[in-house]
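Once you've looked at the hints, dock chain B against the given chain A.
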Amino acid sequence: MSAPATNLVTINVDGRDYQVPAGLNLIDALELFGLEIPHYCYHPKLTVAGNCRMCLVETGMPMRDRATNQIIIEPDGRMKIGWGPKPAVACTTNCSGGLHVRTNTPVVKDCREGVMEFLLVNHPLDCPICDQAGECKLQEFATDYGRGYSRFVEEKNVKPKRTRLGPRVMLDDERCILCSRCVRFCDEIVKDPVLGFIDRGSYSTLTCYPGRELDNNYSLNTVDICPVGALTSTDFRFKMRVWFLKPAPSICTESSVGVNTEVWSREGKIYRITPRDNNAVNDCWMSDSGRELYKIVESPLRIDFFAVDNGKCTADKALTRATELLKAGGVGYIGSAQSSLEEQFLLWQLVKAELGPVSFVSHPGKGDGLLISNDATPNLRGAFLTGLLKELPKANIDDLRRKVESGAIKTLFVVHEDLAALGFSEDLLRRTQVIYLGTHANPTSDHAHVVLPGQMVFEKTGSFVNQQWRMQRFFQAVPGPTGTAPDIQVLSQLIARVTGSAATTASPDSIWQLLAANIAPLSGWSWESLGMQGRVLNASAWAHIPFPEGKSRHFDPAAVTAVKAG
Amino acid sequence: MPATERRIIYRHIDEPGYTIDLACYQRHGGYEVLRKAIARKPEELTQEVKDSGLKGRGGAGFPTGVKWGFLDRKSGKPVYLICNADESEPGTYKDRQIIYKDPHQLIEGTVLSAYAIQAKLAFIYIRGEMFGGFTILERAIEEARAANFVGNNILGSGYSVDIIVHRGAGCYICGEETGLIESLEGKRAYPRIKPPYFPAVLGLYNCPTIVNNVETLCQVKHVVDMGGKEFAKIGVPGDSGTHIWGISGHVAKPGYYEIESGKATVRDLLYDFGGGPPAGRTIKAVIPGGVSMKILRMGEKFKVKLPDGSAGEWGVLDIPLDSGSFAQCGTSLGTSGMIFMDDTTDMVEALANLNAFYAHESCGQCTPCREGSLWLKKITARVCDGGGRMEDIDLVKTIADQVAGRTICAHGEAVAWPCQSNVPKFRDEWEAKIRAQIHAREHPEGAAATARTGLRLV
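Residue numbers (the numbering used here), protein chains in the order written: chain A, 1 to 566; chain B, 1001 to 1458.
Chain B extracted, bound-state conformation:
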């Protein structure tokens, strides 16, 4: 039986006749969860979120309830909620759908969460390029404010919170939560040092701040609606709820699919949802979620512990779609934007493309990421341009090793992980490519034979 979607967040998205206006949202039960929840105590709502086991959907997968629990309540400073709508990870486009097609769901989730953590003010930090999304959110907030779902004394509860939509200026690092906070404060988006700048203690304007992803805040709405314990029954233990999988790359039907956590495998995603690779091709590699996650090579086998506790072995296609399973395979589902690459892909070019992206997006604050990312880009670009040397293979890997874990923010890992996984896993391709280049340099008369075969990415 083919795997099927379970749409919770995306329930109405792409539904014929479903529009982004408040009236439509309310016809579909919109703001009813807020209406009921705002009569409850905030602590009850945070407890629901804790009970739900909901993990953040921004890529790191940190449990939302635990994050909320870190809030510094003793300082007496105002608490802020920030919705991270700076969706910029290549291969990821799940939040964009919510913003563009169901903005009120995000607003309801934001107000609910703001109420739960008793935030004084909420912000939606939206990626600068999503100008359409910005105007949609602005209009939707205006509607919600007029209907008293946002603003002063919401629904007569005595609780007031406003939402400010702030546009970024087109910088990937603004998606890093402390970079985002700096940017929101009007500064250069240099991520902050942790410790001491944990947002829950010293966040926006050095006040306790929670930064949650768009999808996370929408999930909160459904957690509160269903009740945390009920929500926890969706999916698998350790990763409750649904994941919105964005598939791209070499598949027949790229797109987004909301799937109950752990209830389908990579194989299902590829064939049942994605329609399989293009005719006559086979899949060679998969990046699980957002390009910074470690790549998987078809044919890899993973020794794992199955849900019943017994030992098992998975191939790449066998991996269930939940965070724990990917972690067992040495990678992570990240933002659940899966990229498939078929046998026409030149893996060196693929890495060169990523290296170019990360070098371009490194903010330049700390040394390893700033210099490492550009160096990696230069090396892989050179190898793609025919100037490869055998020692470049280990060089790429060791440079990446010098970056990961030594930077101010996780951009260092984003730079390093693709290299650290691609190089060892596709070493044969690297060697073959460079061997051909060396041969071509030594025998220039036959150079045409070694012309680039793969898709030109850089």
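Pulled out of the complex, with its shape left as it was, chain A reads as follows:
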């Protein structure tokens, strides 16, 4: 929670004073101190609904003498507090000086037990088959604040168990507690108000507007914010119990927004990607399309072998052959904005060892103003930072191609890109000596003299620079396929061979020592210093570059030049 440190007020919770920012929501304020007020409908990024009533607490303010307007002091020296006649919901309570809150009284306990009991009377209690089990607020708060037994002997309401709200979201009406988070999310964040309630009372039902579907590219966020198992992802549904999954912090490679994510895996297999909170980048949201990026991890096109002249071989043989080709001169490089900063830096070291022109290919995206930008790569700015790029890449590499056609360039070191898609004819491809570093097979890898297998973002550790010039780290979630090695290992071994120096085991940490020493804006930085929320660097050196991004949720291109070093 990033709260302004200015204008602090003192509130009293259960007899203890806390300094909190004035006006802050009480639930958020107490969270700053690790104190939990249980809640379902409240969400810090959405408007307040106040409908679940789980956050009821007792509130009061110091009483003032009507005549003098002075705060009345009791004989024991404490302020006399005028407690409200009824419990109040914490989610509509904003912190003001003197606010007194009681969260541990019999009344509050009874309120919480009562609400928990009510929420469960018509709940199907089908946790054994519910995907939410393990990360369900009903389970958690029933344990923490419920009575632990049921007094309900009537027949429960029966509602539809599988209503398709959209292509990616399934609704189990019986589990829905009508908190309206999903409704508010669609209204307020995506501005696609397709969800609403019909019918009344306990028979109320979440539904889509007639003739519409919940099919916007952010629909799966409703699954994330659903505090219960009512909304589930059609993709993840029934696939894996969440307690078997382990999350790894990652960064979405869908666009230069750099959405913070968590990649959930078990035994080397990824099951889902969810957003990770970063209030400066993506808040707690991410696109549906970004969540599907892991699906090509297990593609049949995956390159999981080193190869020379289309024959599988050892890493040593492939690297030796690549070294030969590079040292023969006449080399051109095609880098990638999909590569991490560390990989780009190593590529630049390689270029400096065996000089040749460097090209990049632009990958324009369709920005949506929210969390997808006009640049469909995660790390174009990294290429500027490392020195690989001096100006924005074009959609083609015709200049480079002409040099290949003329024979000025004999060998191409290609990272990820496909030359066939860039105007290289079959004949030209055959005539070019290609060293291909990539994760998936394409016509270029098919024709390559040397194939070096790469790893996907989920399989390695590194950092990207997003559109805000925010340096963000991603961590390995699953091991790469057998036969692959981290790109930084491959590149550093290649550099060692080309330069004739001793090979070392590259790690982000070791590369960062070089980065800090060689790149001015990163002077004094270290791998660890990036933290989990990223770090904005001084990008004034590139202020003149007309990057393609427009406005998005936490990005305004006009404001970037004003951003100072983080």
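For the record, the hints were derived by calculation from the structure and aren't laboratory data.
The structure presented is a predicted model; accordingly, all values stated were derived computationally and were not measured.
Note that beta-carbon positions come from the ideal geometry of N, C-alpha and C, so glycine has one too.
Check the hints yourself; a few may be wrong.
Straight-line distance between alpha carbons at most 30 angstroms, and here's what the computed DSBU-like set of lysine-lysine pairs gives [as the list claims (entries may be wrong)]:
{"hint": "1", "chain 1": "A", "residue 1": "K191", "chain 2": "B", "residue 2": "K1077"}
{"hint": "2", "chain 1": "B", "residue 1": "K1077", "chain 2": "B", "residue 2": "K1041"}
{"hint": "3", "chain 1": "A", "residue 1": "K191", "chain 2": "B", "residue 2": "K1425"}
{"hint": "4", "chain 1": "B", "residue 1": "K1397", "chain 2": "A", "residue 2": "K109"}
{"hint": "5", "chain 1": "B", "residue 1": "K1187", "chain 2": "A", "residue 2": "K161"}
{"hint": "6", "chain 1": "A", "residue 1": "K86", "chain 2": "B", "residue 2": "K1305"}
{"hint": "7", "chain 1": "B", "residue 1": "K1194", "chain 2": "A", "residue 2": "K109"}
{"hint": "8", "chain 1": "B", "residue 1": "K1041", "chain 2": "A", "residue 2": "K86"}
{"hint": "9", "chain 1": "B", "residue 1": "K1187", "chain 2": "A", "residue 2": "K45"}
{"hint": "10", "chain 1": "A", "residue 1": "K352", "chain 2": "B", "residue 2": "K1077"}
{"hint": "11", "chain 1": "A", "residue 1": "K45", "chain 2": "B", "residue 2": "K1077"}
{"hint": "12", "chain 1": "B", "residue 1": "K1194", "chain 2": "A", "residue 2": "K191"}
{"hint": "13", "chain 1": "A", "residue 1": "K86", "chain 2": "B", "residue 2": "K1303"}
{"hint": "14", "chain 1": "B", "residue 1": "K1425", "chain 2": "A", "residue 2": "K390"}
{"hint": "15", "chain 1": "B", "residue 1": "K1194", "chain 2": "A", "residue 2": "K80"}
{"hint": "16", "chain 1": "B", "residue 1": "K1303", "chain 2": "A", "residue 2": "K109"}
{"hint": "17", "chain 1": "A", "residue 1": "K191", "chain 2": "A", "residue 2": "K551"}
{"hint": "18", "chain 1": "A", "residue 1": "K86", "chain 2": "B", "residue 2": "K1397"}
{"hint": "19", "chain 1": "B", "residue 1": "K1397", "chain 2": "A", "residue 2": "K137"}
{"hint": "20", "chain 1": "B", "residue 1": "K1301", "chain 2": "A", "residue 2": "K86"}
{"hint": "21", "chain 1": "B", "residue 1": "K1194", "chain 2": "A", "residue 2": "K45"}
{"hint": "22", "chain 1": "B", "residue 1": "K1397", "chain 2": "A", "residue 2": "K156"}
Not everything, but these chain A residues come out facing chain B in the computed CB check (under 7 angstroms) [what the hints assert, rightly or not]:
{"hint": "23", "residue": "G50"}
{"hint": "24", "residue": "N51"}
{"hint": "25", "residue": "R53"}
{"hint": "26", "residue": "K86"}
{"hint": "27", "residue": "C111"}
{"hint": "28", "residue": "V115"}
{"hint": "29", "residue": "V121"}
{"hint": "30", "residue": "L125"}
{"hint": "31", "residue": "S150"}
{"hint": "32", "residue": "R151"}
{"hint": "33", "residue": "E154"}
{"hint": "34", "residue": "G201"}
{"hint": "35", "residue": "S202"}
Then chain B, alone, in the frame of chain A:
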């Protein structure tokens, strides 16, 4: 001497020859109060209302002048007046008479009040089922507009206000003022959270809004006519003016009676106006006003402070008909629709009926009311169907306790109060009924003997 009516609001209602058209209303002095008042300053009129001590007639009894005083004038936003004509409380039918039989009185009261608070636009939100009332109001407003009592530059005063009649869609919660406002905005009638959505600050379209009951707005006309201080002399201190009592249930002459506040008792209402219980029966219980108010059981005694300051004791029939007296007896006169129940009434069935109503009308927005109301309905229905358990008695009471005071709007209290009052006060009936059911379940051969005796309500 039997108690008598004092008809102010209902003065012409049911009068032979009195019709709903403008000409008739004007023959009886209609719009003369407006004509005089619109020449005065708005602040003078609001002061009259404050002086009158008039309490709202929509059920909560909040002082009208105080409510008007809450209007946020600093925001610079337009002010709206809404007449709450969504009369839906079971046992209440006082506003309907005004709308159907004297619509111009409501229109005059509305325009007067709109002028007093300087409203930009006035709405009458009428219950959807009152389609006749809707057409009557539409026609009457058309007449009033043609005669320049409504619309632009009313009577040359420079003040303009129009009245829009809006029909609800048959939902009890639309009578809750913030639910009404949501509904009027075209949304689902989910009551709003207070704070911050106090209508006088953030009402219709988030502008300062006053929501007043039909009868309240009519009372305003008479406040302005008489002058606030003079009006305050009617009735008793703390509750000025008259109340229109709608009597229903087990009485010989159900109907509506306008009685000066505090000048008659429940006994007068039952015998002098209502004609007493049906022959051979005795009254067992009374719900004072609108079914959500707490029930009173005959034989209850209340320790009270009499008007002269001395301590006294009242039985149910002794309670004077004013808001303060009912408050002293732990209940409220609400919308003054009194329901009498005689000794043939099965109190469990009576509560089951109310629970069914409130469960049906709960909007479903907040948890305690949504789940509590349906649960209570299910329990009481089961007890009525012969499946009662002794623990159900306390269960009903404790569920109600978990609802009251913890909801977004007062529907939570409406759900809880009947249970919280019925169960402890008629515990003996509950126990007897359930004991008989348990006996019947254990001795199925004698089941016929425990067949339902009371009037079947659910």
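Original post:
Of the hints given before, which are not true for this structure?
Top reply: 3, 8, 10, 14, 16, 30, 31
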